[in-house]
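Go by the hints and put chain D onto chain Z.
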Amino acid sequence: MERIEDIIIELKQKDYRRFDIFYNLTKKQVYFSIITIIKDPSLTEDLLQETYMKFLEKIDNVDKNKNISAYLVSIGRNLAINMYHKRKKEVYSEELLETIPAEVEPEEDVEILKILDILTQDEKDIVVMHVINDLKFREIAEILKKPLGTVLWIYTKAMKKLKEKVGDVI
Amino acid sequence: MKQKELKRLLIEKANHVEIKDFSYDIIEKMKHKTPIDTMIMTQPKAYFRMKPVLTFSLAILLIVMITWVIYPYFNEDTPTRSIIMDVKDDIVLSSIQATSMIEIVETELSVFDQTLRFGPPERDSKIRDEFKDIAKYLQTIEKLYGSNQSYDITDDIKDKPGNQRLMRFKTRDLVDHEDIYEFEYGQSVDPEKETYDIIGTIKKNERSFPVIISGHTTKKGFIMTVKRDELNYVVMTFDEDTLKNYTIELFVLGVSIQKVTMTLAEIDREKVATLTFVEGSSSGNYTFRVIEEDRKKVISIDYALRFDDELETGNITIRMLTLPNRILYGILVKPDGRIPFTFTQDRASTQQSNTNL
Chain Z
0 MERIEDIIIE
10 LKQKDYRRFD
20 IFYNLTKKQV
30 YFSIITIIKD
40 PSLTEDLLQE
50 TYMKFLEKID
60 NVDKNKNISA
70 YLVSIGRNLA
80 INMYHKRKKE
90 VYSEELLETI
100 PAEVEPEEDV
110 EILKILDILT
120 QDEKDIVVMH
130 VINDLKFREI
140 AEILKKPLGT
150 VLWIYTKAMK
160 KLKEKVGDVI
Chain D
0 MKQKELKRLL
10 IEKANHVEIK
20 DFSYDIIEKM
30 KHKTPIDTMI
40 MTQPKAYFRM
50 KPVLTFSLAI
60 LLIVMITWVI
70 YPYFNEDTPT
80 RSIIMDVKDD
90 IVLSSIQATS
100 MIEIVETELS
110 VFDQTLRFGP
120 PERDSKIRDE
130 FKDIAKYLQT
140 IEKLYGSNQS
150 YDITDDIKDK
160 PGNQRLMRFK
170 TRDLVDHEDI
180 YEFEYGQSVD
190 PEKETYDIIG
200 TIKKNERSFP
210 VIISGHTTKK
220 GFIMTVKRDE
230 LNYVVMTFDE
240 DTLKNYTIEL
250 FVLGVSIQKV
260 TMTLAEIDRE
270 KVATLTFVEG
280 SSSGNYTFRV
290 IEEDRKKVIS
300 IDYALRFDDE
310 LETGNITIRM
320 LTLPNRILYG
330 ILVKPDGRIP
340 FTFTQDRAST
350 QQSNTNL
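As given, the protein sequences belong to chains Z and D, one line each in that order. For the first sequence, numbering that gives the first Met the number 0 gives the first residue as 0, with consecutive numbering after it. For the second sequence, numbering that gives the first Met the number 0 gives the first residue as 0, with consecutive numbering after it.
Bound conformation, chain D alone:
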């Protein structure tokens, strides 16, 4: 059954339900509603009073406890704890995304014109164009699914007098290539405003990226800016409610050219990442999973794309194609209700893997 037919069926069945006309009853009830019905009655709250001596003792105890908890934040000479420990995984993911995005935007990625397509050309072209944007996020997706759960994160004091810390973490992509990141940073905390600031540098292999992070000491969110230079940078905003939410905004020559939101969830013990294009030329929504096929990892993406007033859904499968000097993405697009088509695209990194493929 096609989606249109299903929608028609649901609307038809919904229209069969008889919903009584209560309009008269509602108005009658409103007319008879007197002010007293809407008065909110409150009873005086009962309160508990402690004996003065007990109150004084508890107050002293509370002051001692507060001092003990916040003292490290006042003492800036010896930072004993990284302020970003609670969000370290999110800092890692943000670092991966921001640095890979800068690298990809710098490199011209070609979309080979090896497309076999038979469907309406406009829709297929739009999907291919969107894929150029999706490619900016694939390295993160690969590393999210390919890496060790903990990313082997270490975070130590590098240099006490200089107030510097060094965070190291490792990632693996889906062709088992390892990258090592080093994030050297200094942190400062404003206990009154309950905020913190971090200035540092992320080193990925031989390349360095200046980084600024700001956040609240009482909340899990932060804003991270990773720069190529003053005019070209990526801003990552992270917050968490029931899901982890990342907003990724790319600035080229000082202008925001793309904004996406990425959410991470665990559903039925499976990691699911969803990407939604918010601003920029692309507009789709993509849900990523990694599955195994013939002992190789394959990225499976369920997508929803708007074409005028219609929503098209379908699936994109990405396989790694290993050639002598490069690795390409082999992409198969299966739109719901339309003929599938394929194309290939350069992968961000063309380094060879060191394990079986």
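This is chain Z alone, in the form it adopts within the complex:
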């Protein structure tokens, strides 16, 4: 099993030979942290790449002993939120209206996105981060800048909601 910490040391030295391993170990977390906000798979892929590029640009400041996944998720989320706000503003320009792709509905076979759509954005963020991205609640609280108690409460509410309604979706 490859150790992320060892790969980070190599990346800091601009040795990218094992970057693909690092990428594949972490891409799921980053992907889901973006798509739950952006909802557009194609745009998500662009932001996914941008997340890793930003990560590599700042690699000298990365502490290999900290949770790298949480850090990547933070970058991805911030990029997604910025893009989301930017797109909202662009709607006011008539010229751009025609160039912005329409909201893409989750593809028929992407059931996870349909399931997550049951939830509010806050609930989605926390469930994705804890269940899919395997982050601890304290890490999630730090990323979302919410009190730990609130994170736990939202998570509990979200899981109850999913238990009740997941059968309607799949």
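These aren't lab readings, by the way, just hints derived from the structure by calculation. Careful: at least some of the hints might be erroneous.
[As the list claims (entries may be wrong)] DSS-like mimics (lysine-lysine), calculated; alpha carbons at most 25 Å apart, straight line: (1) Z:K53 x D:K30; (2) D:K30 x Z:K156; (3) D:K333 x Z:K159; (4) D:K333 x Z:K156; (5) Z:K135 x D:K219; (6) D:K87 x Z:K164; (7) Z:K63 x D:K333; (8) Z:K160 x D:K333; (9) Z:K85 x Z:K156; (10) D:K219 x Z:K144; (11) Z:K38 x D:K333; (12) D:K6 x Z:K160.
Then chain D, alone, in the frame of chain Z:
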């Protein structure tokens, strides 16, 4: 569907999503990134210059306005305004919590061994043990939901030469019992550091508690220490961003034995309080609501407790059981996926209510 099954389902569905391997593309882009791409170009900022006469006039006006605003703080002889007016509700809640906590820790509260339980004993015991700690916060929860929204707060100058103020407020709990609090205090402000200090005494019914509060004049937070004596006291720290956040730390014999955070929010026009145990022997997270059942108020708590690596969730319902000489909490615990169990516990105050139950 059980929580474990739901989690497995979510992970399984997430694993079905194909995420392309862009690692090669990312590295190629990084290799071709030249220094010029990362240069930050800034244009000289345009700036606006006013005519000298206008600048001078505005400066004079600004000085006059600043003097008018801060003059009361320099003049310590006649405080015209309570420095804690903007956070009065939070001072009230902090006072309620700190004084009730001191009272409860002094009193030995028994957990009657009238537990009917059938589930794994370790988990049930842990929940019962945690409940002893939750009980320290129930009086505050009762008063938060039972009291008038404004707590009927009054805050007046008590004694001009002595620089004393008197804040009074009233609370009601869920059995409609009223408590009256009086907070007598003196305030001093440091305009340079933009801080304030308050020294006073809270009187609850016949009992007095020394109090020290410090805070910033420009921010909504404060730190309040309420003492039983020099070694036994409660420190309440309050701040507000999107939610009201209280950190409550209990010191017994000078040692911190418990620290919790409490947040207050309004969700769908309903007051929701969340309690999280941060330090100490308890470790759960609890979300409180008050609901009505047969015209009686009942406390409903959604909880999340860690057992090793597993998170258990469930609901606790607390009903007031009125006996001839006391009022008990009747507690029903319904863990998700496990068999419910019940127990009773002394309530902090055993005074009888004066209204219908």
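Hints versus structure:
About 13 Å separates the Cα atoms of K53 of chain Z and K30 of chain D, which keeps this hinted pair within 25 Å; it holds. Annotation: proposed proximity of K30 of chain D to K156 of chain Z is violated, straight-line Cα distance about 46 Å (limit 25 Å). Taking the CA atoms of K333 of chain D and K159 of chain Z, the gap is about 14 Å. The hint holds against a cut of 25 Å. A distance of roughly 16 Å separates the Cα atoms of K333 of chain D and K156 of chain Z; the hinted pair therefore holds under the 25 Å criterion.
Taken as a hint, the K135 of chain Z and K219 of chain D pair is broken in the structure, with Cα atoms around 30 Å apart against an allowance of 25 Å. As the CA atoms of K87 of chain D and K164 of chain Z are separated by approximately 42 Å, the hinted pair breaks the 25 Å bound. Under the criterion of a C-alpha separation no larger than 25 Å, the hint pairing K63 of chain Z with K333 of chain D is inconsistent with the structure, at around 42 Å. Among the hinted pairs, K160 of chain Z with K333 of chain D is consistent with the structure: their alpha-carbon atoms are about 18 Å apart, no more than 25 Å.
The straight-line distance between the Cα atoms of K85 of chain Z and K156 of chain Z is roughly 30 Å, outside the 25 Å bound, and the hint therefore fails. At most 25 Å may separate the alpha-carbon atoms for a hinted pair to count; K219 of chain D and K144 of chain Z meet this at roughly 18 Å. With a C-alpha separation of about 37 Å, the suggested pair K38 of chain Z and K333 of chain D falls outside the 25 Å cut-off, and the hint is violated. Between K6 of chain D and K160 of chain Z the alpha-carbon distance is near 13 Å, which keeps this suggested pair within the 25 Å criterion.
Hints 2, 5, 6, 7, 9 and 11 from the list above are not met by this structure, while the remaining hints are.
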